[in-house]
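A.B. asks: The task is to assemble the complex, starting from two chains supplied on their own in separate frames and drawing on the hints.
The listed protein sequences derive, respectively, from chains E and C.
Taken in order, the first sequence gives residues 22 to 822; the numbers are from the working numbering.
Taken in order, the second sequence gives residues 10 to 144; the numbers are from the working numbering.
Do not take every clue at face value.
[As the list claims (entries may be wrong)] Simulated restraints, written as ranges between beta carbons of each label pair:
1. E:Arg171 <-> C:Phe29: 54 to 60 Å
2. C:Leu94 <-> E:Ala624: 45 to 51 Å
3. C:Ile31 <-> E:Thr709: 40 to 46 Å
4. E:Thr693 <-> C:Gln69: 52 to 58 Å
In short, the hints are calculated from the structure, not lab data.
Nothing here was measured: the structure is a model prediction, and the numbers come from that model.
The beta carbon of each residue, even a glycine, is placed where N, CA and C say it ideally should be.
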Amino acid sequence: MIVAVLSGFVFSVIAPWIVRIGRGAAGWLIALLPLSLTIYFGSLIQVTSAGETLTYSYAWVPSQGINLSFYVDGLSLLFALLIAGIGTLIVIYAGGYLAGHPQLGRFYATILIFLASMLGVVLANNIFTLFVFWELTSISSFLLIGFDHRREAARRAALQSLLVTGGGGLALLAGLILLGQVGQSFELTTLLGQNELIQQHPLYLPILLLILLGAFTKSAQVPFHFWLPNAMEAPTPVSAYLHSATMVKVGVYLIARFSPLLGGTDSWFVLVTLTGTVTMLFGAGLALLQTDLKRILAYSTISALGTLIMLLGIGTTLAAEAAVLFLLVHSLYKGSLFLVAGAVDQETGVRDIRWLGGLGRLMPIIALAAGLSALSMAGVPFLLGFIGKELIYETTLHLPDASTWLTAAAVLANIAMVAVAGIVGFRPFFGQRVETPKAPHRAPLTLWLGPLILAGLGLVTGSLPGTISDTIIGPAAGGILAQPAHVELAIFHGFNTSLLLSVVTLLGGAGVFAARSLVRRTMPIFEMAANWGPETWYNMTLAGLEITARKLTDTLQSGYLRSYLLIIIVSNVALVGYTLVIENGLNIALAWPQIRFYEGVVAGVILLAAFTAARTRSRLAAVAALGVVGYGVALLFVFFGAPDLAMTQFSIETLTVILLVLILSRLPRFKTFTDKRTRNRDMIVALTAGGLMTLLVLTVTALPFQSRLTPFFAENSLTMAHGRNIVNVILVDFRGLDTLGEITVLSVAAAGVFALLKLRLGDESLVSQAGEDGQDATKRPEQTGLFHTEPHLIKRERGDF
Amino acid sequence: MPTLILSTATRYLLPLLLLFSIFVLLRGHNEPGGGFVGGLVAAAAYALYTVAYGVPRARQALRISPRVLIGFGLLTAVSSGLFSLLAGQPFMTGIWSEQDLPVLHTVGTPVIFDMGVYLVVLGVMLTIIFALAEE
Chain E
22 MIVAVLSGFV FSVIAPWIVR IGRGAAGWLI ALLPLSLTIY FGSLIQVTSA
72 GETLTYSYAW VPSQGINLSF YVDGLSLLFA LLIAGIGTLI VIYAGGYLAG
122 HPQLGRFYAT ILIFLASMLG VVLANNIFTL FVFWELTSIS SFLLIGFDHR
172 REAARRAALQ SLLVTGGGGL ALLAGLILLG QVGQSFELTT LLGQNELIQQ
222 HPLYLPILLL ILLGAFTKSA QVPFHFWLPN AMEAPTPVSA YLHSATMVKV
272 GVYLIARFSP LLGGTDSWFV LVTLTGTVTM LFGAGLALLQ TDLKRILAYS
322 TISALGTLIM LLGIGTTLAA EAAVLFLLVH SLYKGSLFLV AGAVDQETGV
372 RDIRWLGGLG RLMPIIALAA GLSALSMAGV PFLLGFIGKE LIYETTLHLP
422 DASTWLTAAA VLANIAMVAV AGIVGFRPFF GQRVETPKAP HRAPLTLWLG
472 PLILAGLGLV TGSLPGTISD TIIGPAAGGI LAQPAHVELA IFHGFNTSLL
522 LSVVTLLGGA GVFAARSLVR RTMPIFEMAA NWGPETWYNM TLAGLEITAR
572 KLTDTLQSGY LRSYLLIIIV SNVALVGYTL VIENGLNIAL AWPQIRFYEG
622 VVAGVILLAA FTAARTRSRL AAVAALGVVG YGVALLFVFF GAPDLAMTQF
672 SIETLTVILL VLILSRLPRF KTFTDKRTRN RDMIVALTAG GLMTLLVLTV
722 TALPFQSRLT PFFAENSLTM AHGRNIVNVI LVDFRGLDTL GEITVLSVAA
772 AGVFALLKLR LGDESLVSQA GEDGQDATKR PEQTGLFHTE PHLIKRERGD
822 F
Chain C
10 MPTLILSTAT RYLLPLLLLF SIFVLLRGHN EPGGGFVGGL VAAAAYALYT
60 VAYGVPRARQ ALRISPRVLI GFGLLTAVSS GLFSLLAGQP FMTGIWSEQD
110 LPVLHTVGTP VIFDMGVYLV VLGVMLTIIF ALAEE
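Same shape as in the complex, but just chain C (with noise of 0.2 Å):
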């Protein structure tokens, strides 16, 4: 049962929720955060947007299919581990650039591992929020 103040509030808090769900993922390095929270909170975002809009609009508002997610993300997520063996170390031993940047501080192969945990989480949420909501 959408209200009026639920759609039009839904719409603003979307971009802002998903926003923030990215600052939590990137930040989780040195502050509390990281790619399962993340994850959640971009996946409770768009679980708003279904109460609100139904699942066919937000599956357009997503534009790519859950289940695309979850296999790009442990894609990403392994991946990430394979740059330590063309440095000829151990699977998912952890790289890192040198320079130091704003709000990450420095780059790594973990940042990119814990981009796959986010993808991977959303796309789990999603596939079985969109499939209950579903009729």
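The following block holds chain E by itself, in its conformation from the complex (with noise of 0.2 Å):
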């Protein structure tokens, strides 16, 4: 199992050469990858439709009950067959629609990356493997949207998408986390047993809303739903497999695996159910209104996502049953829709609707796969989405509670349905020739073979529903419900409600259909009304956000090293002294110890020589003099016995002398010094500063001394570390993370002070380069200089650095 979750990220690695060396066969090549997976998942079908599971389970960071385990019910093994399946004809799709693309293996390698991260949301037991391949998803979405990365719209929508679904991640592991610790379970299989404590408990609701969070975004649901049309910007394999037929998905699948675990609840069925239908009618309103043939599909699978999510939300056996057959029926149009949407554009370089027509006599096998796969969107027997539909309504229809205005939203929305199955489906395909500037011809193998299947998947299954029932929807219903479920499926029903109801849609949608250019008239109402929504917020936020940041860095690294440290001692005497003297109350034990009299010698050295440091008009005697402190404060380490930070002390403060003297022997003398009052304000916070210290130090040894580290390193630095010097121990042995970390940051830092010393500031070349963003360009010379003791003098010097 671990092998057929990570082979994918094996796969991407050797991707780029596959195509380098594949040529023209490379998508050929590479489906094989997702071909073998989906027969491996096939043969697993007669597993989960004898009702078994199966788990697995891999040690990962044992100590802190994270395991890549992983659990194959009905519903996770419809899903990764869905996403192996429809993953093989997108790789084969995208081999003929990007062909000859320069970055074609970077676009397999990341698509082989998401289909492996797909698999592993799914399959998933430990949840925070599943979040962990949650975030992965968005990532490679990420990557993918923003592949045509010249282009700024496609770097937009990319960060959009990213910023949105990766906010709702956040929200997610924040649910997960709370539930972990409510369940005392990091397990799936061991969660799903204990629904009753977590209903119970009081953080129920907190978990339930953080986890539809991340649900509701991922999946695009109202108010979260903006970034989805926007990342059209995708290349259409991409929308086809991303956006449309698995990982917008996600949302719906966390949805159905947590609700045996948080369902059935008020506030489940209130949130979830209304959010979803929400959802459902304005993805499906919107759509009518687009003329651009994949943002019309965007739109629709948006209402599409919102029909799931409420029948989740509804919840009773006839709901998870009609929202498994949905999704499967959705995913097999949609994703077919998608691509021939592709394959249009392809051949005809135009997606706007109102320019294409009359293309069923140019390219025939593309017209066939349109046409299946918007029958069975609008829901015409013998195809899948009639059946889907059907159960839909049944579902509304038997309904306790808001059974009518459920009733009522569904046909609604199916209806416009209908009315895009017809515009994107038949449309562009039937009626006059439309001249379009690319000449169409035939398309090749590649660009047909998918959609094909697709569209004839949901021909043969929709025909023969027995053969789906009970090896593939009835399984998975049974994954929502936590308990087995026979599913009977049949093209015709009798003469019931639901089949008037599927008569009255596709009458009213022919009429939408018909009435469709008067429809899109009422757009400019619409836009008016969406320059107050979601997606305005989400600019209006991240515009703020920037501005703060400026200001925030305009006023905080103003490129003067004064400034930084008065920032840096003023906010530390404030916070320390607000918690030292405001939280803890002053509780000072004036008791004057012996001091011995080379002590008191040192003591006063230091003094003198800090003195000098301040007064004095030479800055080779402030150094020198400052030197002295430090000397003075490791003979004070020695006489109190820490040679360690004594020895080191020495040297540091030797090599800082030197440091400094090499720094200030290339400066000319002072020819300005600070003006009084200056002075004075740096003498009140150097003050302060010290006089806080002072008070700080006589209160801590003013407490009892009390400590657990320090035993616990004397008793076991010998024993468990093989060392007696405990000091050293800690650094290399107890605390060697850190070390590790600080000696990184050390050549990091290195590696700057190098930089700005060679980098010669104030070169043209660099201040041109830095000009590209705008008016910080002036002062960017300054701002890097790393000595500012008088920046006027830098200026004239810094040739010399």
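C.D. replies: Listed below in structure tokens is the structure:
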């Protein structure tokens, strides 16, 4: 199992290489991986259809309870099959769609990472494994939307989707952590048995809200839907795969997976059903107003996702079956229609439906696939979409509460879907031929194979629903309900209300289709409304963040070392002083210890040197005086039994003096001195900081000295770490990871210093490079200067560095 | 302004100080000392040499570029932590030899880690000192 999940990551590394070697056949070669995964998961159907589940576990971070554990039941297997199966077709299709694209290798690498991450999400048993893969899908989605990274719109859309889904991901993480704490386990299989404990826990509502937030952002539910239409900047195979068939459905998966655990409560019903219904209607309405093929499909995807979420919110046995079936229906027809849209775009160069028509004779196979998918979308008998729609109506009709409202909403949304099916599936292929920028010709095999297979599956399963009812739909619905479900699907259920509603839907849809240009004329009204919508909030938040960050940076990072020091010291004094005096209360025992004669002498020398450093007019004298202070402190360390500290302090002082002398020797003499006011201010700050330090030390020494760490290190230093020098043992063994971090920081700092000194600050070339971001260019050479005793001197002298 | 006394003394002080720095590094596990101090002492030795003879001669005496030292030191420190992974224990678990050796008493991966620290500190200090002292 771990091989199946992780193979995508491994193959993504060699994918660019396969593209280089395989040339035109690369798509077919790479498709072998998802194809074999499809066959593997297909072979597991007999396990899950027998009502059994499989679990696998591999140790990952066992000390934290995080394991690479996987769980296969009907629900996860359905998703895995969709991911691997549609993935196969997408990989083949992309070989034709992006033929000759210089970045094809990168494309395949990313799509394989995505495929593996998706498998990880739906098969994960450990909730943190699930989360890690969940985030990986967001990241690979970001990379794929921004695939054409030279276009600003693509970059913007990629960032938007990452911020929205990533923000939801953070909420999900918080929810999962709470869930794990309440349920005392990170394994889904264990948690699923504890729904009473969790639903009665006071943290139930926060957990529910956080997890739903993660699912809603990922599955583009109102008000987080706006990233999905913008994500259509991605190449069409990506839109078909990520933003219709698979990734946007992991939110649905998450809700389905957690519904036995969190579902069935009133808050679940209200939150999930309401969000789903609103999204369903909203997406359906907006889909009618679009003219771009891909945006129409994107909004109708939002509507379909809303339908799924609504069904999961309802949560009855019928609803679970309807959700699973509609999920399959939608993946088949929507994946196919996206691929058709891509083929049409590729062959004609047009995606606006007003400029497409009469393509049927020129691309007959594509037209066939489009027609079949559109019929399934519209819910015409003998296609799977018909059964799906019937089940949805059955579900809403048999509800105890809100039955009428939900049925009405479902009928309305489906009427819009029928019209949309006509607009995208029929309109471009029939009627008057419209001239297009590129003369269309027959699409190659790679471009029609995928859509035709997907559309054909919709026809086969729709005509013979018995083939999937007990093998796929039943076990998957069982996963949502946490009990075995027996599903009987039939083409004809007899003359009942849902059949009547189906007829109404088809007739209504045909009517809306006929009046589509009339409907579209209302667009400006909705555009005005959209100006106040969530996308505007998103933009305003982002802009506000940028302005705040810029202002904060300009204030805090003025480029003058002295103002940095001032800010650091003042905020330290304020924070420490507040805690010490207000929170803690002053509690000082002024017991004068015995001061030995030589200690007094050293203290006197330190004070004298410090005073000299502050008063002198020569830089070298100040540096030397500071060195004396340092040596004096080091001597005190020696007196009080800290030889390690003293040794280090001596060496540091020596090197500091050398470094400062090296710098200062090349600066000219002081020309100007700071005025009296500044010096007074600095004096006050310095005295306050020093005084606070004194207070702090006195407070600390007044407390009884207790530490669990000291005896621990003293006892274990020799036995566990084979060393008698506790200080060093802590540095290299007990806290070795900290030291590793510190030396890494040190190295980075050295690289920074080296770059600053060697880049010849003030070079015209550097300024012009840095000048790309506008007004900062003139400030930059000063800002990056390391040693700011007097900026105007640095300016004259900086050629020396 | 190199004086005759300084340059003559430095010629003898450099090897002595370097030996001392390695002594400090190796005894660090049981007595005061360690990689950080050792690195600083070695850096001070080369700083002295730089003051006496100038950067080009100091670079020659060092033979290796200080930046390479940083990288090599980091590599040493990280790889010392990898040994325990091979033994199936978490990253950076100390692994020690059984035998008792002179000076070191026992040899273990933390000592190798300390050598990495030594090299990084030496490399960082000399990178900065050389860059500052170069005309």
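A.B. asks: Is 52 to 58 Å a correct range for the gap between the Cβ atoms of Thr693 (chain E) and Gln69 (chain C)?
C.D. replies: At roughly 42 Å between Cβ atoms, Gln69 (chain C) and Thr693 (chain E) fall outside 52 to 58 Å, so the hint is violated.
A.B. asks: Is the distance from the Cβ of Ile31 (chain C) to the Cβ of Thr709 (chain E) consistent with 40 to 46 Å?
C.D. replies: holds, 45 Å
A.B. asks: Between the beta carbons of Arg171 (chain E) and Phe29 (chain C), is the distance compatible with 54 to 60 Å?
C.D. replies: holds, 58 Å
A.B. asks: The hint says 45 to 51 Å between Leu94 (chain C) and Ala624 (chain E); measuring C-beta to C-beta, is that right?
C.D. replies: At roughly 50 Å between Cβ atoms, Ala624 (chain E) and Leu94 (chain C) fall inside 45 to 51 Å, so the hint holds.
Checked against the numbered hints above, the structure breaks only hint 4 and satisfies the rest.
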